[in-house]
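Colleague: Below are the chains, spelled out letter by letter.
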Amino acid sequence: MNLWQTGQVAWEGIAVNKVRSLLTMLGIIIGVAAVIIMMGVSAGTEATIAERIAGLGSNLIMVSRGFGGGGGGPGGHGFESEGLNYEDTLSIGEQVSGINGVVAEQIAMSQIVRADSSTIETDVVGAMPDFPQVRGVKLADGRFFSQQDLDRKAKVAVLGHTTAQELFGDADPIGQSITVGNVRLTVVGVMDEKGLVGETDYDQRIYVPLTVAFDRFTMSRRFGDRVMTVYVQAESPDTIESAITEIDALLRRRHELTAMDQADFTIYTQGDIIETQEATTGAFRSLLAWVAGVSLLVGGIGIMNIMLVSVTERTREIGIRQAVGAAPSDIRLQFLVEALVLSLVGGLIGVGVGVGGSWLFGRTSDMRTVVVWSSIVLAFCSAAAVGIFFGFFPANRASQLDPIEALRHE
Amino acid sequence: MNEHLIEVQELTKVYGAGPAAVHALDGVNLIIDEGEFVAIMGASGSGKSTVMNILGCLDRPTDGQYWLGGEDVSKLNKAQLADIRNRQIGFVFQSYNLLARSSALKNVMLPLMYSRRERRSASEREKLAREALEAVGLGDRTDHRPNEMSGGEQQRVAIARALVNEPLLILADEPTGNLDTSSSQEVVDILRGLHERGRTIIMITHEPDLGAQAERIVTLIDGRVVDGEEG
Ligand SMILES: Nc1ncnc2c1ncn2[C@@H]1O[C@H](COP(=O)(O)OP(=O)(O)O)[C@@H](O)[C@H]1O
Ligand SMILES: [Mg+2]
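As you go down the protein sequences, you meet chains A and B in turn.
Sequential numbering from 305 applies to the first sequence in our numbering.
Sequential numbering from 842 applies to the second sequence in our numbering.
So that you can see chain B by itself, here it is in the shape it has in the complex:
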């Protein structure tokens, strides 16, 4: 069981109670191994984001098990979950979620600021952040603020932020949802490059063209995985 990076069993998520309850997830099973590049696809409202948030330790399931790197995540407290988000997971959101008042560099440095394991000096943090920005092709935009950048550039800053702490897992929830076709392809290219260098990538997308570039497609319908449960 422990050889899998992610193992999820009978995951359910219910919003609300009684007759009005929404079963966003209805018994999801999923296995993802280290180094995979997985696309999650499905209609709007099928529960993709809900799964992703649970995988990213941002949310907790109503029921079911989730092992991340062999660890039972449902037993962890808020501070421990924060530490996992910091060390093991890089999140990329559809709406970028950058700090509007901070430069690209400051945004990318943010995860390093909250590292509890490794205490890096200010110059070390800056160096790592610059390297991450260079890796997404934004080495010359470090001092720009989000409102001074295009959507594609902002999303690349967000990717730099997701990878700066060298997490095992990068989760991207419709990272191209707000981008035009060419920017979208750039973002997917970067994710593929990261995958080639050994990162595990899970990406939600609506677009079959982009989904097809992953190694495996997991399809969700009405809160259930109907295809691609296991690699």
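Looking at chain A on its own, in the form it has when it is part of the complex:
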């Protein structure tokens, strides 16, 4: 018999017991679908995070206020860390070499914004002159703030793309007046579309000079001019290292910390975030591999189990085939192919369920899923390997049956 005929015989064997065959395939189906869905979720998450990190800007160095204690020692700042402030940000811009710009931002709470004809509620963000350059958000029209605006606390605003349309429609917003909370501001610029980066919608914002935000749009006066994160853009990847060293030295000096003290700030880059991320997804991946492996193992044992039952049930058929000339290798191949077909059909259904499930999962949850082709190939090949591996023992047992005993079997 050639492989095609053997495949047909195997298919007939499977088709006779449809329900049982389906139940047998269940383990494989679940295993394969699990691999595809979970790989899809992890790839989707990774893609989202990669986008979010890239969306921060390029060649970025981030400085955040440190966790906990700060300088501690005599002359230090005590337990309550002051963290970073506006002055720190300005001095980084003035004193550190090899950088394109520095910004600190203050995300203010949402505010009622009124123009002549419309009223909306949106987030007000305090920003600095280098914002468009450092954060990679382009200006569509007008201008961004100057250092002078910040120094003089000028009552000016730059609108996000969507905000501009909501407030002014097709009319030109430049030079118009808006009221944010109870502060009157003049619109000096409109940002280009940037879209959603992670959960942040850059287009639904109003930017004001950071100093104005400190004075008029802060959660609490107590915060003063403190900032959470300072974004520094290096001129190129090559200057990142030296810039970090300079920033560290500068901030230690400003915060009166010696080289031995624990810093009250943390410096990190996009690369650091990606590394942390990769460590997490790496752990997730190996968990996945275990889940998939166990499912496939269970599926394989299920196939072996059913094939053993099938060999027993069909002992007489085996005897008949032997009597008309089937060699042990023919019988072995028949049952091996049957196990293989079971696992391949299970694998195929699993791919369908996995792809469909990924899609549904992406639609119904806020997680993004990506269908990873290599995961389909991997899952499918594993299913085939499981079929051959676990099919071999029953198939071999069938092939070793004695023709006379097989024919006597009731």
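Note that these hints are calculated values from the structure, not bench results.
Watch out, some of these pointers could steer you wrong.
[What the hints assert, rightly or not] From the structure, some residues in chain B lie toward chain A, with a derived Cβ separation under 10 Å:
#: 1; residue: N894
#: 2; residue: L899
#: 3; residue: D924
#: 4; residue: R926
#: 5; residue: N927
#: 6; residue: F934
#: 7; residue: S936
#: 8; residue: A941
#: 9; residue: S956
#: 10; residue: A963
#: 11; residue: S964
#: 12; residue: P1049
All C-beta atoms in this analysis are idealised placements derived from N, C-alpha and C, irrespective of residue type, glycine included.
With chain A fixed as given, assemble chain B with the ligands onto it according to the hints.
Modeller: Chain B with the ligands only, in chain A's frame:
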């Protein structure tokens, strides 16, 4: 020695061991030439089926020699025995032994599927199977499954299966054991027809009427051939 189709010397078959051992065959000698029609008769338990299974290469003797067409069969491995069963032997069983889920045509095609020497195309296999079914008078029953046919018809399908590969030797172990008198006679008529066209036929039967229609009767008692050892 080689002019005989079958030559068997001092064949023994022992089931079990020690005091409980059953000597199913106890030194059987038998010669059958090409083209003969031989009936094997004997009481139940006298070893007829045991001999037949060994002649059909389905079973191996405990001791003794068996030459089939001059070849020492006891030296062959399982795959080689399977090839002999496929090419040289057609077996007909008392209980038909058809594949229950397959049509008559599929059942008859089965030996062709396992041919290692000749690779026939699907249409060729079907043509040969149809011809074999026509030869046993079932040309109009090709698509019926075993459970849609009478016992006599099923046995004729089994005969068609036995002759489809044109074997030298057709072995029938009580082919009429489950059939009524008229069906039995039909089956024997078909076997006689095959014999007339040159096939060698060995048939086990209980019924003297049917046995008498063969050319020679071999009689077994307690695992020994007591009559008709040689033609
Ligand atoms: N598989 C077996 N195990 C033990 N004894 C067996 C087996 N097959 C046959 N026998 C014994 O061998 C003897 C011959 O059996 P068999 O060839 O079937 O006789 P017949 O076909 O002439 O009725 C009987 O006594 C039977 O009980
Ligand atoms: Mg018998």
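Colleague: Take the hints in turn and mark each one as holding or not.
Modeller: Each hint tested on the structure:
1. N894: holds (6 Å)
2. L899: Holds, about 5 Å.
3. D924: With a closest approach of 7 Å, the B/D924 hint holds.
4. R926: Check passed: Cβ of B/R926 comes within 5 Å of chain A, closer than 10 Å.
5. N927: holds (2 Å)
6. F934: Since the shortest Cβ distance to chain A is 7 Å, the answer is holds.
7. S936: holds (9 Å)
8. A941: holds (8 Å)
9. S956: At 7 Å from the nearest chain A Cβ, B/S956 passes the 10 Å test, so the hint holds.
10. A963: OK, holds: B/A963 within 10 Å of chain A, min 8 Å.
11. S964: violated (14 Å)
12. P1049: violated (27 Å)
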